[in-house]
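Number of protein chains: 2
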Amino acid sequence: MSHYTFMLYADSQFFSPYAMSVFVTLVEKEAQFELQTVDLQAEANQSPDYQKLSLTSRVPTLTHGDFHLSESSAISEYLEDLLPPPKYRRVYPSNLRERARARQIQAWLRSDFLPIRTERSTEVVFSQPVDTPLSDAAQASADRLFTAVERLLVDDAQNLFGEWCIADTDLALMLNRLVLNGDNVPEKLAAYAQNQWERQSVQRWRQIERSL
Amino acid sequence: MSHYTFMLYADSQFFSPYAMSVFVTLVEKEAQFELQTVDLQAEANQSPDYQKLSLTSRVPTLTHGDFHLSESSAISEYLEDLLPPPKYRRVYPSNLRERARARQIQAWLRSDFLPIRTERSTEVVFSQPVDTPLSDAAQASADRLFTAVERLLVDDAQNLFGEWCIADTDLALMLNRLVLNGDNVPEKLAAYAQNQWERQSVQRWRQIERSL
Ligand SMILES: [Ca+2]
Ligand SMILES: [Ca+2]
Ligand SMILES: [Ca+2]
Ligand SMILES: [Ca+2]
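Here the protein sequences come in this chain order: A and B. For what it's worth, UniProt numbering labels the leading residue of the first sequence as 1, then goes sequentially. For what it's worth, UniProt numbering labels the leading residue of the second sequence as 1, then goes sequentially.
Simulated from the structure, these hints should not be mistaken for lab results. Treat the hints with care, since some could be wrong.
Just so you know, same-sequence chains aren't split out, so a pair can sit in one copy or run between any two.
What the hints assert, rightly or not - Straight-line alpha carbon distances no greater than 25 Å define the calculated SDA-like cross-link-like pairs of lysine to any residue that follow:
| hint | residue 1 | residue 2 |
| --- | --- | --- |
| 1 | K52 | L96 |
| 2 | K188 | P48 |
| 3 | K188 | T56 |
| 4 | K188 | Q32 |
| 5 | K52 | F15 |
| 6 | K87 | V130 |
| 7 | K87 | S211 |
| 8 | K87 | Q13 |
| 9 | K87 | E98 |
| 10 | K87 | R97 |
| 11 | K52 | S127 |
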């Protein structure tokens with residue numbers, strides 16, 4: 001256990017893939033942290049108290065003493081800087097090009113694939129599937145995702161870059177929006193996503209009790 | 001001059017704020033690079049040749065020998081890793097919390113403010129203003145931006161964190177969507193954005209000849 005104490009603010013349904021991403025980083029780092037929830041449906045993120053913590057009124061937000069930070073990829077990078085390998089588990093690749101690729105994937109997953117994110121919300125992943133078929137736009141978005149991931153995943157690699165990194169968890173979440181809904185996903189990609197889903201730190205997030 | 005040669009793929013109108021961000025990083029690093037254009041309106045980014053270069057079919061893409069990378073923030077981070085300070089100009093703050101905040105701002109500008117990005121495209125910034133007033137949604141988005149930046153900018157600071165960093169350029173671009181269109185922007189913020197706009201590396205981008 002590290003001697004740092006962190007507070008992670010997540011949505012009260014624990015549906016945010018970005019809150020999950022930071023949670024997984026904290027667990028992988030074996031950091032001590034408390035989990036706080038913000039009721040987004042009641043717009044608790046717009047309260048003056050929360051706005052003091054988060055410049056952007058978003059979840060996740062991490063507080064570390066008097067420092068508070070939002071945006072999940074920035075938080076994982078901060079934790080990697082603060083709790084560096086080898087003492088703490090590495091969450092970004094050490095190889096420069098692989099680290100760049102991991103960052104690319106994180107940025108890409110956060111700024112693209114809107115039709116998938118809309119039609120296959122993480123409620124699908126953490127609660128229950130939907131019956132609606134994918135729209136043409138979402139299917140096109142999925143096809144672009146598959147083509148890219150096919151190029152990234154060598155043979156039946158378990159991780160993108162040999163050792164696990166946080167981009168694996170983010171990518172698996174995106175794929176699992178489809179896999180766990182029973183949508184068509186190429187076998188190699190589905191196996192990758194399912195395997196990532198069994199990672200212990202991810203299971204810790206999945207097993208959080210959700211009052212739905 | 002560094003001994004590295006890079007190729008930067010930008011949109012052929014040079015309107016992409018993300019291509020500008022990478023361009024500015026390359027200029028600040030005094031890196032040798034060639035600028036290539038991709039005609040997005042002709043969907044040249046969907047060509048098989050471009051897809052070989054960019055996993056995501058997006059601009060900007062940087063190639064460095066046989067390595068190619070998309071997503072502007074990942075590219076600037078890669079360049080910072082590859083051409084580190086003090087030999088090359090620093091583009092991310094050295095202080096851990098400031099670096100985290102710079103990354104937060106980059107991620108936030110890329111995933112929020114859709115109404116501003118839609119109603120005040122960078123055509124406004126690099127070509128000509130529009131007459132349409134901001135919608136309520138865009139005004140609300142702008143108000144959130146102003147509130148956050150007011151908290152970030154101490155007094156009449158020229159930069160977010162003392163020394164310039166790439167998040168200053170990204171933030172100034174977002175503010176200038178409004179400033180250069182003549183929309184209402186708090187004076188301190190407008191002065192900050194205008195000052196950032198005069199930075200030499202930014203001027204280099206602004207002065208690229210655009211066939212409009
Ligand atoms: Ca914040
Ligand atoms: Ca390790
Ligand atoms: Ca790429
Ligand atoms: Ca410097």
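How the hints compare with the structure:
1. K52 x L96: Classified as between: cross-chain Cα gap 21 Å, same-chain 36 Å, threshold 25 Å.
2. K188 x P48: between (47 Å within a copy, 23 Å between copies)
3. K188 x T56: For K188 and T56, only the inter-copy Cα distance (20 Å) is at most 25 Å; the intra-copy one is 38 Å.
4. K188 x Q32: neither (35 Å within a copy, 40 Å between copies)
5. K52 x F15: The answer is within: 23 Å in one copy meets 25 Å, while 35 Å across copies does not.
6. K87 x V130: neither (43 Å within a copy, 54 Å between copies)
7. K87 x S211: neither (36 Å within a copy, 54 Å between copies)
8. K87 x Q13: neither (33 Å within a copy, 48 Å between copies)
9. K87 x E98: both (21 Å within a copy, 23 Å between copies)
10. K87 x R97: both (23 Å within a copy, 20 Å between copies)
11. K52 x S127: neither (31 Å within a copy, 38 Å between copies)
Violation of the numbered hints given earlier is confined to hints 4, 6, 7, 8 and 11; the remaining hints are satisfied by the structure.
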